[in-house]
Amino acid sequence: MVLKITALLENQVFAPYKTALTGKPGLSLLIQDQDTTILFDTGPDGSFIDNAKKLNIDLSKVSAVVISHGHFDHCGGLPFFSTDAKVICHPEVKNERYYGWVITDNKALTFKKLSKQIDYGKFDTFFSKDETHINDSFVYSGEIKKEENKRYGVIVGEKDEGKYSPDFVKDEGVLIYKSRHGLIIFIGCGHRGVIEIIKFCKQITGIDQVLVGYIYVMLRRLNYCLSESTSKKKIYSMFMLATVVVCGGGYGYLMLKVFLLGSQLRLINVILFLDKK
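Under my numbering, the letters of the sequence shown match residues 1 to 277, in that order.
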């Protein structure tokens, strides 16, 4: 069995597509095995659709769309996508959120808006906080449970306008592929912590081996994603290979390669994973 992973959109574009495709901060992956085609995130706009056309990829064959979380660079392209496929995401993906700090329940210091207003009612949307088995091979994790939550911004209350609360990005979920030899985990941003995500995926699947981690991570977030003093050793031992698309660009890639994963790190637009017996 072959698992094909195509980066339809991310921060950088690599040869031989460097002059042909569009790169933007954000993520959109097309993940295919012999039975299923899944779109994991859509980037900030419709660029992933344009790139797919240039790659002669037929997006009408997408059987499910998984949105990792509600930041615009991961879900902003959804309104541009016409599909009958089921859209799977956490119910809090709809939260209105900003970069900033909560001062009181009625007062917040906000800057850049991090969400995008999307009418999920136009799609066959399945909201779930729990793990969802798309089929025998693919699993949506649902909400990543953890003891301590890191604040990433501000949520504006939907029902109580003017009410603010810290944004812990509890809506972040990941896509899991259960191969014959272990898990392949697709992580949108890693807000919930890479180590915590891996542990949670092992827990809900009962599978201890993690073969590949595909992570989109911004350079300024690396210190939190790898927050523990032993994180480097932990992640090094957890992954046989990590393929990373980095919003921090080349500097982010070098930081990960030099200080974290070394030869286990790959940057590439198309990956073929041969799941042999």
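Errors might be hidden in some of the hints.
Simulated DEER-style distance windows between Cβ atoms [to be verified]: (1) 205 with 4: 15 to 25 Å; (2) 54 with 146: 33 to 43 Å; (3) 149 with 82: 21 to 31 Å; (4) 150 with 110: 31 to 41 Å; (5) 110 with 181: 43 to 53 Å; (6) 124 with 19: 22 to 32 Å; (7) 127 with 163: 31 to 41 Å; (8) 54 with 157: 37 to 47 Å; (9) 157 with 133: 42 to 52 Å; (10) 20 with 151: 18 to 28 Å; (11) 17 with 163: 43 to 53 Å; (12) 61 with 103: 19 to 29 Å.
In silico SDA-like cross-links for lysine to any residue, where the CA-CA straight-line distance does not exceed 20 Å [to be verified]: (13) 150 with 98; (14) 4 with 166; (15) 146 with 110; (16) 61 with 125; (17) 53 with 32; (18) 202 with 122; (19) 86 with 150; (20) 146 with 163; (21) 94 with 72; (22) 145 with 122; (23) 53 with 79; (24) 129 with 150; (25) 113 with 85; (26) 122 with 98; (27) 163 with 86; (28) 112 with 196; (29) 150 with 111; (30) 86 with 166; (31) 178 with 196; (32) 163 with 211; (33) 146 with 208; (34) 61 with 137; (35) 61 with 94; (36) 145 with 163; (37) 94 with 81; (38) 150 with 79; (39) 61 with 135.
Everything labelled a hint here was simulated from the structure, so no lab data went into it. Since we're looking at a predicted model, the values are computed, not measured. No residue lacks a Cβ here, since even glycine has one placed at the ideal position from N, Cα and C.
Now the hints, each set against the structure:
Against the hinted window of 15 to 25 Å, the Cβ-Cβ separation of residue 205 and residue 4 comes to about 22 Å, which satisfies the hint. For residue 54 and residue 146, the Cβ-Cβ distance of about 39 Å falls inside the hinted range of 33 to 43 Å, so the restraint holds. Range check, residue 149 to residue 82: Cβ separation about 36 Å, and the 21 to 31 Å hint is violated. Between residue 150 and residue 110 the Cβ separation comes to about 18 Å, which falls outside the hinted range of 31 to 41 Å.
In this structure the supplied range 43 to 53 Å holds for residue 110 paired with residue 181, their Cβ-Cβ distance being about 46 Å. Residue 124 and residue 19 have their C-beta atoms about 37 Å apart, which leaves the hinted 22 to 32 Å range violated. Roughly 22 Å separates the CB atoms of residue 127 and residue 163, a value that falls outside the hinted 31 to 41 Å. Restraint check, residue 54 to residue 157: a C-beta distance of roughly 42 Å satisfies the suggested window 37 to 47 Å.
The supplied range of 42 to 52 Å is broken by residue 157 and residue 133, whose beta-carbon atoms lie about 33 Å from each other. For the hinted restraint 18 to 28 Å between residue 20 and residue 151, the CB-CB distance of approximately 40 Å leaves it violated. One distance hint, 43 to 53 Å for the beta-carbon pair residue 17 and residue 163, holds here, with the actual separation near 45 Å. The hinted range of 19 to 29 Å is not satisfied by residue 61 and residue 103, whose Cβ atoms lie roughly 48 Å apart.
Of the pairs offered as hints, the one joining residue 150 and residue 98 holds, with about 15 Å between alpha carbons and a cut-off of 20 Å not exceeded. A distance of roughly 37 Å separates the Cα atoms of residue 4 and residue 166; the hinted pair therefore is violated under the 20 Å criterion. Annotation: proposed proximity of residue 146 to residue 110 is violated, straight-line Cα distance about 26 Å (limit 20 Å). The suggested pairing of residue 61 with residue 125 holds, with an alpha-carbon distance near 17 Å, which does not exceed 20 Å.
Between the alpha carbons of residue 53 and residue 32 the distance comes to roughly 17 Å, so the proposed pair stays at or under 20 Å and holds. Taken as a hint, the residue 202 and residue 122 pair is broken in the structure, with Cα atoms around 34 Å apart against an allowance of 20 Å. Restraint check for residue 86 and residue 150: the C-alpha separation of about 30 Å exceeds 20 Å, so the hint is violated. A hinted pair counts as satisfied when its Cα atoms are at most 20 Å apart, and residue 146 with residue 163 does not qualify at roughly 25 Å.
In summary, the hint linking residue 94 to residue 72 is supported, as the alpha carbons are separated by about 10 Å, within the 20 Å threshold. Between residue 145 and residue 122 the CA atoms are separated by roughly 29 Å; this puts the pair beyond 20 Å, and the hint is violated. A hinted pair counts as satisfied when its Cα atoms are at most 20 Å apart, and residue 53 with residue 79 qualifies at roughly 17 Å. A distance of roughly 18 Å separates the Cα atoms of residue 129 and residue 150; the hinted pair therefore holds under the 20 Å criterion.
Taken as a hint, the residue 113 and residue 85 pair is broken in the structure, with Cα atoms around 28 Å apart against an allowance of 20 Å. Restraint check for residue 122 and residue 98: the C-alpha separation of about 24 Å exceeds 20 Å, so the hint is violated. A C-alpha spacing of about 32 Å is found between residue 163 and residue 86, which places the hinted pair above 20 Å, so the restraint is violated. Among the hinted pairs, residue 112 with residue 196 is inconsistent with the structure: their alpha-carbon atoms are about 27 Å apart, more than 20 Å.
Among the hinted pairs, residue 150 with residue 111 is consistent with the structure: their alpha-carbon atoms are about 18 Å apart, no more than 20 Å. Under the criterion of a C-alpha separation no larger than 20 Å, the hint pairing residue 86 with residue 166 is inconsistent with the structure, at around 30 Å. Distance hint between residue 178 and residue 196 is fulfilled; the C-alpha atoms sit about 18 Å from each other, no more than 20 Å. The straight-line distance between the Cα atoms of residue 163 and residue 211 is roughly 43 Å, outside the 20 Å bound, and the hint therefore fails.
For the suggested pair residue 146 and residue 208, the alpha carbons sit about 18 Å apart, so the restraint of at most 20 Å is met. Proximity of residue 61 to residue 137 is assessed by CA-CA distance (about 18 Å); at most 20 Å being required, the pair is judged to hold. A C-alpha spacing of about 26 Å is found between residue 61 and residue 94, which places the hinted pair above 20 Å, so the restraint is violated. Only pairs whose Cα atoms come within 20 Å are accepted, and residue 145 paired with residue 163 is rejected, the gap being roughly 25 Å.
Of the supplied pair hints, the one linking residue 94 and residue 81 holds, its CA atoms being roughly 17 Å apart against a limit of 20 Å. Restraint check for residue 150 and residue 79: the C-alpha separation of about 29 Å exceeds 20 Å, so the hint is violated. Proposed proximity of residue 61 and residue 135 is supported: the alpha carbons are some 16 Å apart, at most 20 Å.
The structure fails to meet hints 3, 4, 6, 7, 9, 10, 12, 14, 15, 18, 19, 20, 22, 25, 26, 27, 28, 30, 32, 35, 36, 38 from the earlier list, while all remaining hints are met.
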